[in-house]
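Novice: Residue numbers (my numbering), protein chains in the order written: chain H, 1 to 167; chain B, 1 to 508.
To be clear, the hints were calculated from the coordinates, so they are not data collected in a lab. A hint or two may mislead.
[As the list claims (entries may be wrong)] Output of the computed footprint for chain B on chain H, the stretches with three or more beta carbons under 8 Å from beta carbons of chain B: (1) 34-48; (2) 63-75; (3) 85-92; (4) 103-112; (5) 131-141; (6) 148-159.
[Stated by the list, open to error] Ranges of calculated distance between the beta carbons of each label pair, as one might list FRET restraints: (7) H:Gly70 to B:Pro218: 22 to 32 Å; (8) H:Gly43 to B:Ala38: 20 to 30 Å; (9) B:Leu421 to H:Gln44: 51 to 61 Å; (10) H:Thr71 to B:Leu411: 49 to 59 Å; (11) B:Asp413 to H:Gln33: 49 to 59 Å; (12) H:Gly43 to B:Ile274: 41 to 51 Å.
All C-beta atoms in this analysis are idealised placements derived from N, C-alpha and C, irrespective of residue type, glycine included.
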Amino acid sequence: MLDKIIKTLILTVSLLFCLSGGVSAADVVELNQLVENAEAMDGQTVTVTGEAIGEAMERGDHAWVNINDGTNAMGIWMPLDDAQRIKFFGDYKHIGDQLQVTGVFNQACAQHGGDVDIHSNSITVIEAGYVTEESVSSPKIIIGFVLVFLASVLGFIYLKIIKKSDG
Amino acid sequence: MNTFKGRFYSIFIISYYTGFVVLGIALLMVLPILTAVALQEWNPFWDFVITMAISVILGLLLIIIGKQTRLNKSFVQWKHGFVVASLSWIILMFLCAIPYLLSGHVNSLLDACFDVMSGFTTTGMVLTQDLDHISLSLNMWRHMLTFIGGQGMVVLALTFLLKETGGAYIFYVGEAKDIDLVPNVKGTARIIWKISMVYLLIGTAALWIDGMTIGLTPLSAFFNGLFIFASSWSTGGFAPYTQNMMYYHSFSYESLTIIFFILGSLNFGLHYAILSGNKKELIKNIETQSFFITSFLASVLAVLWLARTGVYNDAIAIFRRVVYNVLSAHTTTGFGSVYARQFALEWGDFGILILVIVMLIGGSACSTAGGFKGLRVGIIFKSILADVKRLLASERKVKVFRFHHIKDQILADGLVKASGLIIICYLITFAIGTLIGTFCGYPLASAAFESASITGNVGLSIGITATGMPAVMKVYYIIAMYLGRLEFLSVFALIGFIIGGIKKCWTK
Numbered sequence: 001m002l003d004k005i006i007k008t009l010i011l012t013v014s015l016l017f018c019l020s021g022g023v024s025a026a027d028v029v030e031l032n033q034l035v036e037n038a039e040a041m042d043g044q045t046v047t048v049t050g051e052a053i054g055e056a057m058e059r060g061d062h063a064w065v066n067i068n069d070g071t072n073a074m075g076i077w078m079p080l081d082d083a084q085r086i087k088f089f090g091d092y093k094h095i096g097d098q099l100q101v102t103g104v105f106n107q108a109c110a111q112h113g114g115d116v117d118i119h120s121n122s123i124t125v126i127e128a129g130y131v132t133e134e135s136v137s138s139p140k141i142i143i144g145f146v147l148v149f150l151a152s153v154l155g156f157i158y159l160k161i162i163k164k165s166d167g
Numbered sequence: 001m002n003t004f005k006g007r008f009y010s011i012f013i014i015s016y017y018t019g020f021v022v023l024g025i026a027l028l029m030v031l032p033i034l035t036a037v038a039l040q041e042w043n044p045f046w047d048f049v050i051t052m053a054i055s056v057i058l059g060l061l062l063i064i065i066g067k068q069t070r071l072n073k074s075f076v077q078w079k080h081g082f083v084v085a086s087l088s089w090i091i092l093m094f095l096c097a098i099p100y101l102l103s104g105h106v107n108s109l110l111d112a113c114f115d116v117m118s119g120f121t122t123t124g125m126v127l128t129q130d131l132d133h134i135s136l137s138l139n140m141w142r143h144m145l146t147f148i149g150g151q152g153m154v155v156l157a158l159t160f161l162l163k164e165t166g167g168a169y170i171f172y173v174g175e176a177k178d179i180d181l182v183p184n185v186k187g188t189a190r191i192i193w194k195i196s197m198v199y200l201l202i203g204t205a206a207l208w209i210d211g212m213t214i215g216l217t218p219l220s221a222f223f224n225g226l227f228i229f230a231s232s233w234s235t236g237g238f239a240p241y242t243q244n245m246m247y248y249h250s251f252s253y254e255s256l257t258i259i260f261f262i263l264g265s266l267n268f269g270l271h272y273a274i275l276s277g278n279k280k281e282l283i284k285n286i287e288t289q290s291f292f293i294t295s296f297l298a299s300v301l302a303v304l305w306l307a308r309t310g311v312y313n314d315a316i317a318i319f320r321r322v323v324y325n326v327l328s329a330h331t332t333t334g335f336g337s338v339y340a341r342q343f344a345l346e347w348g349d350f351g352i353l354i355l356v357i358v359m360l361i362g363g364s365a366c367s368t369a370g371g372f373k374g375l376r377v378g379i380i381f382k383s384i385l386a387d388v389k390r391l392l393a394s395e396r397k398v399k400v401f402r403f404h405h406i407k408d409q410i411l412a413d414g415l416v417k418a419s420g421l422i423i424i425c426y427l428i429t430f431a432i433g434t435l436i437g438t439f440c441g442y443p444l445a446s447a448a449f450e451s452a453s454i455t456g457n458v459g460l461s462i463g464i465t466a467t468g469m470p471a472v473m474k475v476y477y478i479i480a481m482y483l484g485r486l487e488f489l490s491v492f493a494l495i496g497f498i499i500g501g502i503k504k505c506w507t508k
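So here's chain H without its partners, still in its complex pose (with noise of 0.2 Å):
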């Protein structure tokens, strides 16, 4: 029986053991779960995903890469060679590298003035960002054109109108 016991045991805690060397989905969080746990959150180590927005603001050998995932923003402070392996950064014209960042979780960051924020150990591309092709839709452009047409016509009337009254 005891045999049995420790055999379950073992096999549990290498089965957990081999589990717990690669990340799965369940084990990203959210940032907006972070900002409404970050109490409980705080100084633990997570992983998050999201796409790297704006640009890497270097700060010596460190920089701040701010990650956007939908639910909310977060800065992440992270050596200089990981903020240089990122491409793109997400803005008008493109989409941003997508981020895999496992950190430590700050609620009030001792280091940074209170801000909340992850320090990361590791960082992943694990989808590239890329260029958006930018496309005016033909009815926007016709619109514009006849608009701006019916605008002068308007700003001639409105000259010759102006001018009568005042003479």
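Following the hints, position chain B against chain H.
Specialist: Below, chain B without anything else, positioned relative to chain H:
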């Protein structure tokens, strides 16, 4: 010479001046159009071309309808000034919402109107989605709206577009900017704009340089500097990214914004007095005294309260996360250095109450700030003191009480009454907002926080303002922002005018 015919001549006057305001704002769309061309953002380019053309058409039509006014300018009355101001704001809200709608970053026309009104009134609440991916030209437009709204767009359009501005003071007061720096209104408006433009140059340059030192690229630092200055000076609270001030992770950047939003929340008369060499005005003025006392007390109380929670453990963190937000709320700026939900989760009822009070008080009269203003708080406080002194003094003694605001002024009963009425109007608007919030299922503290932020044109959110909030709240918030910014009188004049017009039609 009176060439007006019929009983409805007021409509022509209002149409004429409103047309110029619409035309003025249409011309300002050149700036985002140029930005779009420079940065090759072609969708926003066409969005702004379409909006500008529609605005020009509407503006010209209104001027043509009211063209008789050109010969009858002496007929312009106070009611016209108030109605033009309030009506222009409504028309412009719809027109300026067009680029938002066409951008695809808002879920509905209501959301677009909400954001435009939030910009005009320098509130800074946001319903625009995915801010991190909007174009620089739309960002330029958002921040322009808040900058122009802060200085007074009706005044801007009328002073710069009309050659003759006889009676323009009427429009000035209509937009809650009743101050006379120099004898003529055109001169006063130009001084206000000159002061703002000088600060715009200095502020943008300072934030640009600081932006580069904190790691932004030169071009990005310039645009961020320009946008953040526009928001700070106009006590608006818009920022180009979702995280608002938290995007920059910089004490120096935050410190610069504190300087600019405090400067923006001060009376233009005070700026003019100081720039004219009267430096003592800064200490003697009832508004600066009032602002210093209330902001100091609120900061101390908030710091003491939050020190108990132990979230922030050092002085810098307390300054950046507590004092910053108190000052941002008091000046009605609305820049946030914490997440909206942190107010609800970490600040506690006392912290929220402190913010509610300072948000309702707001900044100075005739500044870019909202709230019921430090001047009115000072006047009411002085009148209470005066009444107590009167009670204690001999009945035979008649004492005149004074206060100092740009010049020594008598504390007249009429002034006290007017101040009291405006404060009551603000409190009623705040109470209704809180009531609606709680009715829609939000906790009392959260509903009160959001309502105070909206009524005082602040922009800090506790998490209620979101695309998913009930439409009735969005509509009420738009009305409250509008009422708060125009300080009620103009809107009441518009309502009275409409009711009067209906009565006239009825009795005809």
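Novice: List, from low to high, the hint numbers that the structure doesn't satisfy.
Specialist: The structure conflicts with hint 8 only, although it agrees with all the remaining ones.
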